[in-house]
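For the protein sequence lines, the chains are A and B, in the order given.
In this text, residue positions in the first sequence follow the numbering used here: the first is 1, and each later residue adds one.
In this text, residue positions in the second sequence follow the numbering used here: the first is 1, and each later residue adds one.
Check the hints yourself; a few may be wrong.
[As the list claims (entries may be wrong)] In silico DSSO-like cross-links for lysine-lysine, where the CA-CA straight-line distance does not exceed 30 Å:
| id | chain 1 | residue 1 | chain 2 | residue 2 |
| --- | --- | --- | --- | --- |
| 1 | A | K163 | A | K5 |
| 2 | A | K147 | A | K163 |
| 3 | A | K38 | B | K129 |
| 4 | A | K209 | B | K307 |
| 5 | A | K38 | B | K122 |
| 6 | B | K176 | B | K205 |
| 7 | B | K129 | B | K204 |
| 8 | A | K223 | B | K45 |
| 9 | B | K45 | A | K38 |
| 10 | B | K107 | A | K38 |
| 11 | B | K129 | B | K107 |
| 12 | A | K5 | A | K147 |
| 13 | A | K200 | A | K360 |
| 14 | A | K38 | A | K298 |
| 15 | B | K129 | B | K176 |
| 16 | A | K337 | A | K22 |
| 17 | A | K27 | B | K122 |
| 18 | A | K27 | B | K129 |
| 19 | A | K333 | A | K5 |
| 20 | A | K223 | A | K211 |
| 21 | B | K122 | B | K272 |
To be clear, the hints were calculated from the coordinates, so they are not data collected in a lab.
The primary structure of each chain is shown beneath.
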Amino acid sequence: MTNIKLNADQLAAFGSEIDAIKQGALKQRGQRDATYIKQIVWIQRALAIGSRISIYAALPFLPSLGLSVASWPLFWILICAGSIGLGIAKILDNMEIGHNIIHGQYDWMGDPRFHSQHYDWDTNCPSEQWAHSHNYEHHTFTNVLGKDRDIGYGILRMDPAQKWHPAYLANPIYATLLMLFFDTGVALHDVEMDSLRSGKRTFRETWPKLKQSLGKTARIFSKDFILFPALAGPLFPIVMAANAVANLIRNIWSFTIIFCGHFPAEVHTFPAHVCENETQGHWYYRQLLGSANIEGGKLFHIMSGNLSHQIEHHLFPDVPAHRYAELSVQVRKVCEKYDIPYNTGPLWSQYASVWAKIFKFALPTSNTSTAITA
Amino acid sequence: MNLTTTTSRSTWRSIIDTPLVNALAAPHGIGRYLEVINPMWSLDKNRIPARVSAITSETDEAVSIELSPNGEWTHFQPGQFIQVFIEIDGRLQSRSYSISNSAFSKKPRITVKAHDDGFVSKYINTQLKVGDRISISPALGEFVLPAQIPSALLFIAAGSGITPMIAMLETLLEGKHSHPVTLLYYSRDTSTCIFRRRLEDLAKKHDNFSLILVFSSPSSTQELTGRFNQHHLLTALSSKNALSRETAAITLPLTYVCGPEVLIDTVTAEFKLLGHSDKLLSERFKAPSVTQNLGDASGNIAFSTSKQATSNDGRNLLDLAEDAGLNPQSGCRMGICHTCSCLKTSGSVRNMNTGEISHGEEHIRLCVSQALGDVTLSL
Chain A
1 MTNIKLNADQ
11 LAAFGSEIDA
21 IKQGALKQRG
31 QRDATYIKQI
41 VWIQRALAIG
51 SRISIYAALP
61 FLPSLGLSVA
71 SWPLFWILIC
81 AGSIGLGIAK
91 ILDNMEIGHN
101 IIHGQYDWMG
111 DPRFHSQHYD
121 WDTNCPSEQW
131 AHSHNYEHHT
141 FTNVLGKDRD
151 IGYGILRMDP
161 AQKWHPAYLA
171 NPIYATLLML
181 FFDTGVALHD
191 VEMDSLRSGK
201 RTFRETWPKL
211 KQSLGKTARI
221 FSKDFILFPA
231 LAGPLFPIVM
241 AANAVANLIR
251 NIWSFTIIFC
261 GHFPAEVHTF
271 PAHVCENETQ
281 GHWYYRQLLG
291 SANIEGGKLF
301 HIMSGNLSHQ
311 IEHHLFPDVP
321 AHRYAELSVQ
331 VRKVCEKYDI
341 PYNTGPLWSQ
351 YASVWAKIFK
361 FALPTSNTST
371 AITA
Chain B
1 MNLTTTTSRS
11 TWRSIIDTPL
21 VNALAAPHGI
31 GRYLEVINPM
41 WSLDKNRIPA
51 RVSAITSETD
61 EAVSIELSPN
71 GEWTHFQPGQ
81 FIQVFIEIDG
91 RLQSRSYSIS
101 NSAFSKKPRI
111 TVKAHDDGFV
121 SKYINTQLKV
131 GDRISISPAL
141 GEFVLPAQIP
151 SALLFIAAGS
161 GITPMIAMLE
171 TLLEGKHSHP
181 VTLLYYSRDT
191 STCIFRRRLE
201 DLAKKHDNFS
211 LILVFSSPSS
221 TQELTGRFNQ
231 HHLLTALSSK
241 NALSRETAAI
251 TLPLTYVCGP
261 EVLIDTVTAE
271 FKLLGHSDKL
281 LSERFKAPSV
291 TQNLGDASGN
301 IAFSTSKQAT
311 SNDGRNLLDL
321 AEDAGLNPQS
331 GCRMGICHTC
341 SCLKTSGSVR
351 NMNTGEISHG
361 EEHIRLCVSQ
371 ALGDVTLSL
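Can you build the whole structure from these sequences, using the hints too?
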């Protein structure tokens, strides 16, 4: 591991350079950002409508109905297009739109449709709970052991500082389940079921958030698995399966992107005491070392909600995310100047590195923490 | 006389905006999908899309904008105002304008005077085009005629304060109201006198309407000049329809006043002096003004939901709210997480990180906002 230590003066100078990048971006916010998010929302809604229509349009071609238009190829083309399209629509809704709006990136527009306090997304997690666990806990205490519950999500062992237990032998199985049911995992994240299990919280303390989460889950679940399938009458199971595939696509993709943002090798974790009287410079420094980028084209960045620029996202969580690509050029220059590693790599290598960790920490490891202080 | 225009919500809106359809469109609601097909199909009741259907120049510095809102727009009472939301450089700017046409007209109209420091009023005067789409709120405000129209009415207006008055006057006069109505209207000179032609036509057509135009410019040849005073009031009351001077001093008619602060203050003082404060209804037009320097903390912070208040000492609003015993949602306390984002219903604040100033109704982050004078928060 690189030995990255900056003294207080260097940290302050580094912090003010990063801050200057941020203020420059905030000053530029305007029509371009508003037009961008409106276009993405338009595409997302149109894709969702079109994909749902495609799923129903497939049904008359089902040969078992015995209609004159019966055709397996047409049935499969339409149903797959519908499922995949709906999956992509959900990814756009959750990531480039929902995640970024809930961060307050578009609050300055003054439009409730794009405002963090009003926006709700098409996933099981209530957006207020997400704003707490993610915007506050995770973004303020990024990769601080014991404070950032995103380290392992209270389920996985992702860091040697997490004490090993035989239950962690199933780490890869937990990770696979979390991936497949990622929407449910996210919905339960702020409920802190792990705190209930460990006795840190009583059921009474847990119930209000659990109730809210279950309510939202019921709404989203009934839409995709009861109401829309019911429109198909006896072909209910087909529509339900198509919707399930769409949800599965979204779950696997968002799990992949999010895990690649914080868990590849060389991403640092920090001990709790660094948060005491932390300077702005150190905060930026910690965000930088605690995140990793994924390389890719423009479409890939949009599909990842620009979380492929996890580093920029953590430095500037409330700057409109579509600007991260251009900001990353400036951030890298500052990193080179201060000799701070900038963790980036293609999706496959970051993802392989994440799974390597999932397997590695399933087994007991020596307790030397990678947690660093500057 | 029916003083409210009412149209019912269109049938298709009622059919589609049902719990079942909205459950299928969860969590966004069906309206957000309809907007994709046509922005005018929005089901939003608080931000009603409206097309600019006509623009008329009233004076060199004022225009009337006729609006064609969608079917969510149902009614207004003359004297009421709407909030207008216009996107300028990606930001939705909101301002309040009185509706300036009678309750008998099909489409609402606003009249906007360009103020020197008025960012939005200038935009409306110079940039807004026929066919543009903006959003409006439903009609708001209590500055309306009473259900029982009294036998005499007096209106006092200055500048763009005429806008709610003309709506009430036209509604009354077109609605065959036969009792005396007097308007005392102040402007700088003939060229800045909004609706002069229309008012003069109304006065010609309706014997019960007395129009008294007052110009403040010294070259004026009108009977009355300068600013509002007791003499003006008594002249208005003794005009052809109203009561005689002697009785006027004892009974003042129901009076509406609208215009700049100074006019409202003098009229209010005069009515108080005459012991008739109860007869006066006023509406203030406030232009945003920032006079504060950094560190010069003044004003009060009002928390409207909890009905608490505290005085501004220059610290961030989150600290002030907490010291006042409130428990607003908060997180990072450094402007990152937006947990403490809160609706400011009035007043101006400075963003302590960027120096950006927010005026009027807007969402702000409490932890990085410093009040500039009086501020009201919905907390």
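Results for each hint:
no. : hint              : result
1   : K163(A) x K5(A)   : holds (27 Å)
2   : K147(A) x K163(A) : holds (15 Å)
3   : K38(A) x K129(B)  : holds (22 Å)
4   : K209(A) x K307(B) : holds (28 Å)
5   : K38(A) x K122(B)  : holds (26 Å)
6   : K176(B) x K205(B) : holds (11 Å)
7   : K129(B) x K204(B) : violated (33 Å)
8   : K223(A) x K45(B)  : holds (24 Å)
9   : K45(B) x K38(A)   : holds (20 Å)
10  : K107(B) x K38(A)  : holds (29 Å)
11  : K129(B) x K107(B) : holds (17 Å)
12  : K5(A) x K147(A)   : holds (23 Å)
13  : K200(A) x K360(A) : holds (28 Å)
14  : K38(A) x K298(A)  : holds (18 Å)
15  : K129(B) x K176(B) : violated (35 Å)
16  : K337(A) x K22(A)  : holds (18 Å)
17  : K27(A) x K122(B)  : holds (23 Å)
18  : K27(A) x K129(B)  : holds (28 Å)
19  : K333(A) x K5(A)   : holds (18 Å)
20  : K223(A) x K211(A) : holds (18 Å)
21  : K122(B) x K272(B) : violated (36 Å)
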